[in-house]
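Chemist: Could you slot chain B onto chain A? The hints should help.
Just so you know, the sequences run in chain order A and B. Read in order, the letters of the first sequence correspond to residues 17 to 97 in our numbering. Read in order, the letters of the second sequence correspond to residues -3 to 250 in our numbering.
For the record, the hints were derived by calculation from the structure and aren't laboratory data. You may find that some hints are simply not true.
To be verified - Pairwise CB distance ranges (calculated): (1) A:Ala36 <-> B:Ala193: 12 to 22 Å; (2) B:Asp47 <-> A:Thr47: 51 to 61 Å; (3) A:His42 <-> B:Gly27: 28 to 38 Å.
Said to hold, decoys possible - Covered by chain B, per the in silico footprint, the following chain A stretches (three or more residues, Cβ under 8 Å): (4) 28 to 35; (5) 40 to 54.
Heads up, the beta-carbon is just placed ideally off N, CA and C, and yes, glycines get one too.
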Amino acid sequence: MRVKVYVTLKRGVLDPQGKAVERSLHSLGYTAVEEVRMGKYLELKLGPMTQEAAAQQVREMCEKLLANPVIEDFRFEIQEP
Amino acid sequence: MPDSSPSLRRSTGSELLDLRPLRWGVVVFPGSCDDHDVYYCLKKVLKQKVDFLWHKDELKGEWDCIVLPGGFSYGDYLRTGAMARFSPIMEGVVSFARAGGLVLGICNGFQILCEAGLLPGALMRNSRLQFVCRPVFLRLEETDTPFTARAAKGEILRIPIKHGDGSYYADEETLARLKQNRQILLRYVDGKGAASAEANPNGSVENIAGVCNEARNVFGLMPHPEQAAEKIVGSDDGLKIFSSIIAACQERRR
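Extracted from the complex, chain B is given alone in its bound form:
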């Protein structure tokens, strides 16, 4: 039977490879401001199926990946991410994550995931008390996750940061566990790949820029991969993260 569907192509083997676009959900909190950047990156650059999910709704339907975008949810009052984690949609996001669903938290999204207990540690005021907005170099530490599999271990990515509360903190015990389980996925480095004090933009312990959970299906990072998605803006290194997720989800569907 001829296959007329453009979304189904025969792989080299006998099984059908499902190349339908993934279903991405981008959660919108009051004060989210990078939600449209994530949408643009996924929809226009990567031709994915994306929907905005209002924080007051329940999480319904089938999703491949849920993104918590950057911004200043609830004005960053009390602590960054502290109130967003109690938004009605978060109950569904937590269940989705606990069931193995992929959740990506960028900047404020990372802060929310830490507050929600889906990721270890906390994000605090930058050590120099200044809002930092510039591209940084990041070293990719682990590639055996759905978020980083398409990159090479030790690869240097150039991706912007823009935050005032990005200083990652975890106590000694947690830090030891993160290392043992290889949950530290990104570190701030200099152009040569050294995680020096000078290359640390915000005072994060051990230059940590992004961590995943133990099950490796929840990833939070302070840098903005969605804002490094086209060469015209200076870098498309952020696509490494998104294309890794796409590849991982397609693998899961087989």
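Extracted from the complex, chain A is given alone in its bound form:
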């Protein structure tokens, strides 16, 4: 099964990269852009296991390594093959 993991900066944490992209979009004329927040997207391929087991493992992976709880939030989607 495949898992899509999204890691995003917590609200209130400054995101200078997002700001730089936002300014670039403005200079390209996309003035409707009010905010850009950058994050990370990871795709995991897991061997056969139940949805519950996968969810539990991916949550652990996020808490231990994929995200830093001091500055980041995470969410994930599990896709059946």
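Modeler: For chain B alone, coordinates are given in the frame of chain A:
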């Protein structure tokens, strides 16, 4: 009995003062690049006993201080320090720290200590998104730690920084706790000692350049004291940190 050992000298009191060089361990991760600078500073300048410790080994033996040096461990992939904290040696470093051992993290070492949970907060991309490499002024905020006892409170040190991810972040609650426990040891300041926005090279909250843990035996800082260890390179202010550690360890041995 005459004392022929050069390492043992009589102090003014009756007890023997142990002046043997300390045992320093410098951890080498894949991508460490300031490990040899720390080694040089300790071995050649301060005449200490230093060993490199490979990150894949277990931490064995007796150590006075473990240094996590600067660099780009694991290519800074995912987040700076995120993968190094899971290197086999880190388990021993964490136990050593929890038992009261002195641990110094410089630059990438600071990032690793934050990721490992030995220090509060996190280090993020510099606010101006540029790699900054230049000497900065630092104000020494607290002197009741093994890392800063040989300096004066409020003293200004001139030490280089060189990093792209040095913006220190801690949430309000953590920041309040850091202040209450006086864990902020270094702040970026201007030449006159003011922690102004202009003097902040990377967007760190409240100009924070270095913090210690609550027990005051783990210290992380973004500037490189080992690269300010001889006048010939522009400053030897970094020696204040190392000589503080040496004095603290000698005190511990008594």
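Chemist: With a cut-off of 8 Å between beta carbons, are at least three residues of the region 40 to 54 of chain A near chain B?
Modeler: violated (count 0)
Chemist: With a Cβ-Cβ cutoff of 8 Å, does the region 28 to 35 of chain A contain at least three residues near chain B?
Modeler: Holds, because 5 residues of the region 28 to 35 of chain A bring their Cβ atoms closer than 8 Å to Cβ atoms of chain B.
Chemist: When you take the CB atoms of His42 (chain A) and Gly27 (chain B), is the distance between them in 28 to 38 Å?
Modeler: Holds, since His42 (chain A) and Gly27 (chain B) (Cβ atoms, about 36 Å apart) stay within the stated range.
Chemist: Indicate whether the distance between the beta carbons of Asp47 (chain B) and Thr47 (chain A) respects the range 51 to 61 Å.
Modeler: Given range 51 to 61 Å: holds, Cβ gap about 59 Å.
Chemist: Mind checking the hinted window 12 to 22 Å against the Cβ distance between Ala36 (chain A) and Ala193 (chain B)?
Modeler: 19 Å, holds
When the structure is compared with the earlier hints, a violation turns up for hint 5 alone.
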